[in-house]
Amino acid sequence: MGTVILLALTGLGLAALYFLVASGLSLVFGLADVLNFAHGLFLGVGAYGTWWAAGNLPGAGSDGFGFVFAVAFGVAAGTLVAILVELVLIRPLYSRTIEQVLVTVGLSLAGVALLQATWGADARPFPRPDWTRQVTGILGAQVPNGGLLLIIAAVLVLGAILAFLRWTRYGLVIRAGVENREMVTALGIDVRKAFTLVFAIGGAAAALAGALGGVYFGTVSPGQGGSLLIFAFIVVVIGGMGSVVGSAYAAVVVGLVQQFVNYYGTSGLGDICVVGLLAVVLLLRPQGIAGKVATA
Amino acid sequence: MEPVLTVEDLSVRISGLHILQGVSFAVAPTGVTVLLGRNGVGKTTTLRAIVGLTPPAGEVRGTIRMGAQSLLAQPTHRLVRGGLGYVPEDRCVFAGLTVAENLRLAERRGTTPAYDKVFALFPELDRRGRQRAGSLSGGQQQMLAIGRVLLNDNRLLLVDEPTKGLAPKVVTEVAEVLERVAESVPVLLVEQNLAVVRRLARDAVVLAAGKVAWTGDARELLLETALTKSLLGVGSAEAATPSARSELASPAVAREDQL
Numbered sequence: 001m002g003t004v005i006l007l008a009l010t011g012l013g014l015a016a017l018y019f020l021v022a023s024g025l026s027l028v029f030g031l032a033d034v035l036n037f038a039h040g041l042f043l044g045v046g047a048y049g050t051w052w053a054a055g056n057l058p059g060a061g062s063d064g065f066g067f068v069f070a071v072a073f074g075v076a077a078g079t080l081v082a083i084l085v086e087l088v089l090i091r092p093l094y095s096r097t098i099e100q101v102l103v104t105v106g107l108s109l110a111g112v113a114l115l116q117a118t119w120g121a122d123a124r125p126f127p128r129p130d131w132t133r134q135v136t137g138i139l140g141a142q143v144p145n146g147g148l149l150l151i152i153a154a155v156l157v158l159g160a161i162l163a164f165l166r167w168t169r170y171g172l173v174i175r176a177g178v179e180n181r182e183m184v185t186a187l188g189i190d191v192r193k194a195f196t197l198v199f200a201i202g203g204a205a206a207a208l209a210g211a212l213g214g215v216y217f218g219t220v221s222p223g224q225g226g227s228l229l230i231f232a233f234i235v236v237v238i239g240g241m242g243s244v245v246g247s248a249y250a251a252v253v254v255g256l257v258q259q260f261v262n263y264y265g266t267s268g269l270g271d272i273c274v275v276g277l278l279a280v281v282l283l284l285r286p287q288g289i290a291g292k293v294a295t296a
Numbered sequence: 001m002e003p004v005l006t007v008e009d010l011s012v013r014i015s016g017l018h019i020l021q022g023v024s025f026a027v028a029p030t031g032v033t034v035l036l037g038r039n040g041v042g043k044t045t046t047l048r049a050i051v052g053l054t055p056p057a058g059e060v061r062g063t064i065r066m067g068a069q070s071l072l073a074q075p076t077h078r079l080v081r082g083g084l085g086y087v088p089e090d091r092c093v094f095a096g097l098t099v100a101e102n103l104r105l106a107e108r109r110g111t112t113p114a115y116d117k118v119f120a121l122f123p124e125l126d127r128r129g130r131q132r133a134g135s136l137s138g139g140q141q142q143m144l145a146i147g148r149v150l151l152n153d154n155r156l157l158l159v160d161e162p163t164k165g166l167a168p169k170v171v172t173e174v175a176e177v178l179e180r181v182a183e184s185v186p187v188l189l190v191e192q193n194l195a196v197v198r199r200l201a202r203d204a205v206v207l208a209a210g211k212v213a214w215t216g217d218a219r220e221l222l223l224e225t226a227l228t229k230s231l232l233g234v235g236s237a238e239a240a241t242p243s244a245r246s247e248l249a250s251p252a253v254a255r256e257d258q259l
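For the protein sequence lines, the chains are A and B, in the order given.
Here the first sequence is numbered in the working numbering, starting from 1 and rising by one per residue.
Here the second sequence is numbered in the working numbering, starting from 1 and rising by one per residue.
Please note: incorrect hints may appear among the correct ones.
If you want the ones that stay clear, here's a sample from chain A, every Cβ over 12 Å from chain B, calculated [unchecked claim]:
| id | residue |
| --- | --- |
| 1 | L84 |
| 2 | Y263 |
| 3 | G265 |
Distance windows between CB atoms, simulated [to be verified]:
| id | chain 1 | residue 1 | chain 2 | residue 2 | range |
| --- | --- | --- | --- | --- | --- |
| 4 | A | V275 | B | A213 | 56 to 66 Å |
| 5 | B | N39 | A | A160 | 44 to 54 Å |
| 6 | A | V101 | B | D153 | 52 to 62 Å |
| 7 | A | A163 | B | R108 | 21 to 31 Å |
| 8 | A | R124 | B | G16 | 46 to 56 Å |
These aren't lab readings, by the way, just hints derived from the structure by calculation.
No residue lacks a Cβ here, since even glycine has one placed at the ideal position from N, Cα and C.
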C-alpha cells in the first residue's frame, strides 16, 4: 500500500511539473496558433535564474524568504524572456507557421548552447531549503517534500489561471480568442496584446517549473527544459490544444502512467506507454480530452 | 449626399485566384445598400476586404474610404473601433461563452455600452444571459451576433447573409430588426433572400465574376425580370412581384426567393 501511495504522489509530482510547462504551451498554441519549441528555454531561464540569484543576488539565498526571493527572480527572468521572444521574434511571424517552427527550434538550441557556454554542460547542484530534501509520511509512504511542493504549486497555478480566465477581461478575450481569434479582432479588440499576455503567463509558469524542478531533481542542467518539453507537448496534445483543465487531466494521466509502469515494468517502459497513449488519443479523439476550449 | 463608404478599383487575389477585379461602388449614408450576386462572385470577400480580414496570404489593391479616412492597411480592431461594425456570415458567436460574455466582449473602454437598445431589440438575449451561445438556435445566435455589434456606436454596418439557414419566421424577425437598425445607421448588406432585399434595400450593387455588373435602385433591379435572371440567375418572376413584400413570412416565398 505504501508503495502505491508513494508512486501515486511522486507521479503527481511529475504531473505537476508537466502541467506547469504544458499550461502555457497549451494557451499559446490555442490562442496564437504558435507551436513554441522555445518554451523549454523559459524553463531553463527560470531554473538558472533561481540558481544564480540564490548564490549572487543580495537578499536571496537557499532557504527561507531568501529562497522565495530567488524563485521570484527566476520566474521574473523567465517571464521577461518569454515577453521578449513574443515581441521580437514571434510577432512578425504570426500566420507563418514554418518560419515560427524554425525560429523557435533555433532559439531553443541557441538557448541551451548559451546556458552551456555560460555555466557549463554539467549538471550543477541546486540550492534548496533543507526541508525540501526531507520526506513526509503519508498513509505509510515516505513522500519527498520537493514533490509535494510541486503538487501544491501546480494546484495554485491551475486555480490562478482558471480564475484569471474566468473573472478578468483579458481572460475573456483569451477564451474567446482560442475559439475564434479573427472574430475577436472583428469586435474591436487588439488580440496581439492577449498574445503577449499568454506568452508572459506561459513563461512564468515554465520558469516556476524550472525553479521547482531544480528543487525536485536537486540539480539544474542546460538540457532539462528540452527533455521536459517533449512530455509537455504530449500532455498538451492529449489534453486538447488550448485547454488548461485538459492539460491538468492529461498531466496527471501521463505522470501516473510513467511512474507506475516504470516501477512495475521495465525502466523506460513508462515513457513508451505514454507515447502509445498519445497515439491512441490522436486516433480516437484527435481534439484531445477537452477539445479547444480555454476553460474546460 | 456624400457616401459613407467608397470602394474604388478594389482587387483581391487569394492563393493566386483573382477573386475581385477592380470593383468600385459607393454606400449611401442612410438606408441599406445590398451587395448581390451568384454564389462565389466575391460578395463576402468584398466585405472582408473592407473590414481588413483578407487572409494574410491574400493581396488587396485599390482604395477603400470611409469619409476621408483610408481603410486599407489598417488593422481590423482599429477599423471596428472607428465605427465599422461587422456581422459575419455564419454568425461566429463564441459557442463556449455565455450570451452575457459574448456581449461583454464587445464592450469598449471609455464608452457606455448600449445594453438598453440591444435588449429592447432582442429581449431574448437579456433572458438568456447565462446560457452558452453554442446552445442557442440559429436565429438566436444571429440576434446575438447583431446585438453584439449594436452595443457600440457605428458609422456603417457590414452584415453578411444574416438570414442564411434560418426558418422563414426568423427571417422575418431578422429583417424587421435590420429595418429598424437601418433607420439610424447605414448598412451594407450581403443577402441571398430577395424577399428580404425587396423589403430592406434602397440601393443595389450586383457583382458578377469579381466585377461590378450593375448598380442602381434595388427595387428597379427586382422589377426587371430579364436583368435579375441574367445577373442573379432567378428563373421566375418572383423577384419582380411587389406583393411578395407582404409575403415575407411565407415559407413558400422565403424558399422560392433564394438565389
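Just pull the numbers of the violated hints for me, sorted ascending. Hint check: 6 fails alone, others pass.
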